[in-house]
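Line by line, the protein sequences are chains Y and A.
Quick note on numbering: my numbering labels position 117 of the first sequence as 133, and the sequence is numbered without any gaps.
Quick note on numbering: my numbering labels position 161 of the second sequence as 177, and the sequence is numbered without any gaps.
Simulated from the structure, these hints should not be mistaken for lab results.
Check each hint, because a few of them may be wrong.
The list treats identical chains as one, so a pair stands whether inside a single copy or across any two.
Distance condition first, Cα-Cα at most 20 Å in a straight line; then the derived DMTMM-like pairs of lysine to aspartate or glutamate [claimed, not checked]: (1) K226 to E76; (2) K210 to E45; (3) K104 to D138; (4) K104 to E76; (5) K210 to D138; (6) K88 to E45; (7) K88 to D48; (8) K226 to E28; (9) K150 to E89; (10) K104 to E73; (11) K82 to D105; (12) K210 to D105; (13) K50 to D143; (14) K50 to D105; (15) K141 to D48; (16) K210 to E73; (17) K226 to D96; (18) K187 to D48; (19) K187 to E76; (20) K82 to D138; (21) K226 to D105.
Each chain is listed here by its residues.
2 protein chains.
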Amino acid sequence: MTVKNDFTIIPEPSLRRLPLYYDFLKRLETSDIKFISCTEIAQNLGFNPIQVRKDIEYTEIIGRPKVGYNIKELKLSIKDFLGWNNSKDAFLIGAGHLGIALLGYRGFMNSGINIISAFDNDPKKIDSIFFGKKIFNVSILGQLINRMNIKLCIITVPAPSAQSIVDIAIKSGVKVIWNFAPCILNVPDTIFIKNENLTSSLAILTRKLKDDFK
Amino acid sequence: MTVKNDFTIIPEPSLRRLPLYYDFLKRLETSDIKFISCTEIAQNLGFNPIQVRKDIEYTEIIGRPKVGYNIKELKLSIKDFLGWNNSKDAFLIGAGHLGIALLGYRGFMNSGINIISAFDNDPKKIDSIFFGKKIFNVSILGQLINRMNIKLCIITVPAPSAQSIVDIAIKSGVKVIWNFAPCILNVPDTIFIKNENLTSSLAILTRKLKDDFK
């Protein structure tokens, strides 16, 4: 899959690596180093230097010959390319264990999204607060998406409820969906959906175990 | 990335789709349908029929011309190929919100792994039970991996602790690692590691939001 806009087409694996470079550059902030080369980044993270250079060039930064990139500029360039400069508000639907784990996930800080509220249908959870975010009744989901102009929803409800929730979200104006429910969701072509199917990842691991460690 | 053994090389995207076919076939169990074609599977899941046929052929099942596959046999063939017939014992390290979410994740049932215990270093969590699984002190992790001959570990500790935990696990005999900590781990070539970096997934979504919904 590739993610494209008018200017740049970047393959998904490159896009997935950019945050890893960003994390690495952030860790260098406290050091005295001012410049870094692709080879050094690659060596530290165990990647191929040519691949690192290609990935970084998507952000349109220009390095200096024999010196490499100014670390501060490179960090900003990646951050800007990923859209992490202006954080986007998001709703999370399904305040089960996974939902609450995501509400508290520190990796999201400074990563372009701000989960402002969560939703559930369990009366015991409604109105409670986790990690500073209030859980609302899912019955007002559509209304709040609309009123607050929310474009991104994170779906952590059980599989049988996922399609109907997504239908409401899209009808109310959501354009991008991050789906953790273990099922295939039908969405119009205009909607961007990213599935995180843990069972699919598991297939890779169990197949490996089957092959090598019978 | 491809996952290979002596007989079959299957690309990772194909391997990731097989559990989706399996889930779909399971949902047909209660119906009267006995046979199904690749085209029907593809239509129901929104995939390309040629791709579905190719994926399924990796499991070495043979379909019947004009009839398709016997659903029961196809389900068994996928299950066997994925190594989901004999569940493998696993340890989970890090009983934070994400760790506990994974302990209770129902998608793992019948999916080839059985998380038998979890580990943490927080005295308040040690000896408590979540979803029927006991939390042990991480200080005895190596000892228990060794004694119980555990080959798979799931890492849900914070990034700064991940490398030292993984070093202990590998030294004690673990061969396959499912890493949810948002960092790059150094492991020997003989160890298979699958990273689930949520920040990387997020990059795909935020880039999309930046492109299309400024």
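Against the structure, the hints:
| no. | hint | result |
| --- | --- | --- |
| 1 | K226 to E76 | between (44 Å within a copy, 16 Å between copies) |
| 2 | K210 to E45 | neither (32 Å within a copy, 28 Å between copies) |
| 3 | K104 to D138 | neither (27 Å within a copy, 34 Å between copies) |
| 4 | K104 to E76 | neither (23 Å within a copy, 46 Å between copies) |
| 5 | K210 to D138 | neither (26 Å within a copy, 34 Å between copies) |
| 6 | K88 to E45 | within (8 Å within a copy, 57 Å between copies) |
| 7 | K88 to D48 | within (12 Å within a copy, 63 Å between copies) |
| 8 | K226 to E28 | between (29 Å within a copy, 15 Å between copies) |
| 9 | K150 to E89 | neither (37 Å within a copy, 48 Å between copies) |
| 10 | K104 to E73 | neither (25 Å within a copy, 43 Å between copies) |
| 11 | K82 to D105 | neither (41 Å within a copy, 50 Å between copies) |
| 12 | K210 to D105 | within (17 Å within a copy, 30 Å between copies) |
| 13 | K50 to D143 | neither (48 Å within a copy, 48 Å between copies) |
| 14 | K50 to D105 | neither (33 Å within a copy, 47 Å between copies) |
| 15 | K141 to D48 | neither (48 Å within a copy, 40 Å between copies) |
| 16 | K210 to E73 | neither (25 Å within a copy, 26 Å between copies) |
| 17 | K226 to D96 | between (43 Å within a copy, 9 Å between copies) |
| 18 | K187 to D48 | neither (51 Å within a copy, 35 Å between copies) |
| 19 | K187 to E76 | neither (36 Å within a copy, 43 Å between copies) |
| 20 | K82 to D138 | neither (60 Å within a copy, 48 Å between copies) |
| 21 | K226 to D105 | between (42 Å within a copy, 12 Å between copies) |
Hints 2, 3, 4, 5, 9, 10, 11, 13, 14, 15, 16, 18, 19 and 20, counting from the list given before, are not met by this structure.
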